[in-house]
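Asks: Sequence:
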Amino acid sequence: MSQITEGMKANSTNAIEVYKGKSICQEKSKCFLKDLGLPSGLLPLDEIEECGFVKETGFIWLKQKRHKQHKFEKIGKFAHYATEITAYAEPKKLKQVTGIKAKELFMWITVTEVNVDDDYDDSRSSSAGKLTFKTPTGLCKVFPASAFEAAET
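Numbering follows the working numbering, with no gaps: position 17 of the sequence shown is 17.
Check each hint, because a few of them may be wrong.
[Unchecked claim] Below, a list of computed lysine-lysine pairs in the DSSO-like style, where the Cα atoms sit at most 30 Å apart:
(1) Lys93 <-> Lys30
(2) Lys130 <-> Lys103
(3) Lys103 <-> Lys68
(4) Lys74 <-> Lys28
(5) Lys93 <-> Lys141
(6) Lys68 <-> Lys95
(7) Lys95 <-> Lys30
(8) Lys141 <-> Lys101
If you're looking for bench data, these hints aren't it; they were derived computationally from the structure. The model shown is predicted, which means the values in this text are computed figures rather than measured ones.
Generate coordinates for the entire structure from the input sequences, incorporating the hints supplied.
Replies: Below, the structure written as structure tokens:
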């Protein structure tokens, strides 16, 4: 069931930004991440059909045509992105994340929170920051934030 319904969009009194189309959504998703102080390659989605942001609550969503599995080469880890990804955004943090799983020890583990420490600076090419992923059970895994930077094009 979709967490973002047309009724929710229509009935909201909050300022909502909604974008449709592959190129604008890819650009906006990277802008969302950059504005939050998160690595721009954290959501490496190719076929985004819609994305949006509710300014007042920090709620963001991304819809893509089909799910995607991605390998972060610098750390050798896989992530699975569902057709719909949602989260509540704060500076340097995504909370109540849905639609993202990480592969660990032959199992797919749900990711519910992502945050970056204060040492991360996306304007530096060799940032020393760390990215922390949390699960619903409170377990966490830490990786270098630089492993999640988008490749320069």
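Asks: Kindly indicate which numbered hints from before are broken by the structure, ordering the numbers from low to high.
Replies: Of the numbered hints given earlier, the structure breaks none, since each of them holds.
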